[in-house]
Amino acid sequence: MNGKVIGGALVLSGLIAGAAMYYLQVYAFYEDVSADVENVQLTTVSGGQPEPILSENIKAIDADSSPLRYRACFETPMSQAMLTETYVLYDEAVPLNAPEWFDCFDADAVGAALEEGRALAFLGTANITYGIDRIVAITDDGRGFVWHQINACGEEVFDGRPAPEGCPEAPR
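Here the sequence shown stands for residues 1 to 172, where the numbers follow the UniProt record's numbering.
Treat the hints as calculated values from the structure; they're not laboratory data. All C-beta atoms, glycine included, are put in the ideal place defined by N, C-alpha and C. Possibly wrong hints are sitting among the right ones.
What the hints assert, rightly or not - FRET-style restraints, in silico, Cβ to Cβ: (1) 164 / 18: 36 to 42 Å; (2) 68 / 165: 23 to 29 Å; (3) 10 / 170: 43 to 49 Å; (4) 118 / 56: 17 to 23 Å; (5) 52 / 7: 55 to 61 Å; (6) 164 / 12: 47 to 53 Å.
Using the sequences and the accompanying hints, generate a full structural model.
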């Protein structure tokens with residue numbers, strides 16, 4: 001009888017720990033930051049600085065636990081043709097998954113749209129946090145998606161190697 005009680009306690013504690021871990025990963029740290037996001041910014045080709053673009057219906061989430069957890073969705077009336085003439089394209093954009101409950105952001109669908117040419121990725125802000133770029137993808141129908149992605153400088157420094165030439169000095 002004691003073995004069944006101990007076994008049951010182990011199984012129950014494992015289930016509780018698993019449920020807690022799931023909750024902490026998917027829900028606990030995210031905050032709705034839509035009210036804090038006034039606009040979406042893209043980096044200009046001419047000046048190399050981010051500037052606001054026309055955007056509406058912005059929904060955004062973020063978490064303090066990681067600089068990679070930022071996600072946003074929005075709509076813009078600006079055409080891809082106009083955007084490509086004015087703003088810096090981002091060649092190696094890879095959308096990161098968002099929590100399932102943030103249903104406007106589907107990383108697989110955004111990735112497919114980028115691969116098929118139905119969406120274009122732009123540099124929102126380089127080094128928004130050291131080694132992390134803000135990426136903005138805009139589809140041909142004006143839907144936009146924003147996420148943070150590790151850049152080349154961050155990849156090296158976060159792996160414990162010195163920053164490559166041309167990168168800003170890593171924070172200590």
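**Study point:** Indices of hints not satisfied (ascending)
**Key:** none
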